[in-house]
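Okay, here's what each chain looks like letter by letter:
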Amino acid sequence: MRIDLTLLAPYIGFLAEGALLTAEVCVLALVGATLLGALVAIARTSGSRILRAIASVYIDLFRNIPFIVQLFFFYYGLPEIGIYIDAFTTGVIALSVAGGAYASDAIRAGILAIDTGIIEAAEVSGLKRNTVFTRIVLPIALRTSIRPLGSVLINMILTSSILTAITLNELTGTARIVASETFRPFEVYVVLLVVYAALTYLVSIGINLLHRRLNRDLASEVS
Amino acid sequence: MRYTQFTPYDIVLLAQGLGVTIALFLGTSLIGLLIGTLWGVVRFYRVPVLTEVMTFIAELLKNSPVLVQLFLVFFGFPAFFRINVTPTEAAVITLSANTAAFVYVIAVAAIQSIGREQIEAARVFGLTRWQVLRHVIATQATAFAIGPLIALLVNQLQVTSLISVIGVVDLTKIGNILNLRTLQPFIVWTVVGALYYLAAKLLAFFGTRLENRLRAHTAWRGL
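So the protein lines, in turn, are chains A and B.
Following our numbering, the numbering of the first sequence begins with 1 at its first residue and continues without gaps.
Following our numbering, the numbering of the second sequence begins with 1001 at its first residue and continues without gaps.
Same shape as in the complex, but just chain A (with noise of 0.2 Å):
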């Protein structure tokens, strides 16, 4: 009955690999959300209601679907359509996936929050609505919406401890080997809880200073 953190000593190593990881998979996957996530907001911003349509449909799905049960559908049905990728890669596609559904979200109220002033501005000066879009809408649309991204990140730290259940053996997968090499399941899985919390906890404080550094010009407006 006692708390004896010293065993985990020489498991450090073989932890920080696991965290290492967990790191490579969510920054792989947050680019895919946020590529992923741009596109659906064009969408559900653009004047074509088909194209609505398909984006608020992709987002209702991969919202009130778990997110196990998306990832062992990409896990297993993948190879049965003739894809073979390892756990990682499925991993990273079935987080992105997922992520870009809540990531869309976060930048359609960017778009939608920019001035219209601006963009009439803009087509004004000439510009061609490609040309609008990608160098002045979408940068101040995820400029602004930094914090709402970063706390998908949040949520993405959070779930690809699920990945575990792919034979990935990521920060959670390796705490689990170590539980079961140690025998002290409890030990591990509340350094574990902690280490997750100040993970994300540090990962929101950077969000933070990357708000206030990137919208340092617009203080008063988005504080």
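Certain hints may be false.
To be verified - Simulated restraints on C-beta separations:
#1 A:50 <-> B:1046: 50 to 58 Å
#2 B:1055 <-> A:56: 32 to 40 Å
#3 A:79 <-> B:1015: 26 to 34 Å
These are computed hints drawn from the structure, not numbers from a lab.
Beta carbons: idealized from backbone N, C-alpha and C, even for Gly.
Position chain B relative to chain A; hints supplied.
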């Protein structure tokens, strides 16, 4: 004889899994709501040490993966406290505590949303702290909190799918079993996903109705 085809009995299995998922969801949501609200009330009474401890625990539960919490309860508790924990018990404990942490945050926000002057006015009229809580705060706070609570519950319904990892035979586990037997991942996971989706939509539908009813008196009726 090999059972690689779908049989009519699979429908019974799926229904069983859905039943377990919904029963656990309802049970843990109720317990979570009760505990979370109690925490909120403790904070309202400004109990010295207890408030800080609870805020810390709530933050820890909110910022760590549910899967790790599940492992802690299911693998850690038996090893550390020398008790027996069945998968269902572990699921109930974890999901209830997790829901409670989120409810606590919503409850605190809801209580704080009520203007100080209302509470001061009620106190001046000679109402006790309990009467203020019961007649002034509880009624308005419920109307305020119902929206976030519905969103939380829809989310928690999806979180229940994680308990399949520790061996509770819920809808996801049934999906896993059917998937391994029939080797038809697309059909199996589509059906499982659709069931979760329908459950979530049903929950959201009733939630919105309840919300409209609770907010009826503050709704804008027009001139």
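(request) Kindly indicate which numbered hints from before are broken by the structure, ordering the numbers from low to high. (result) Per hint list: zero violations.
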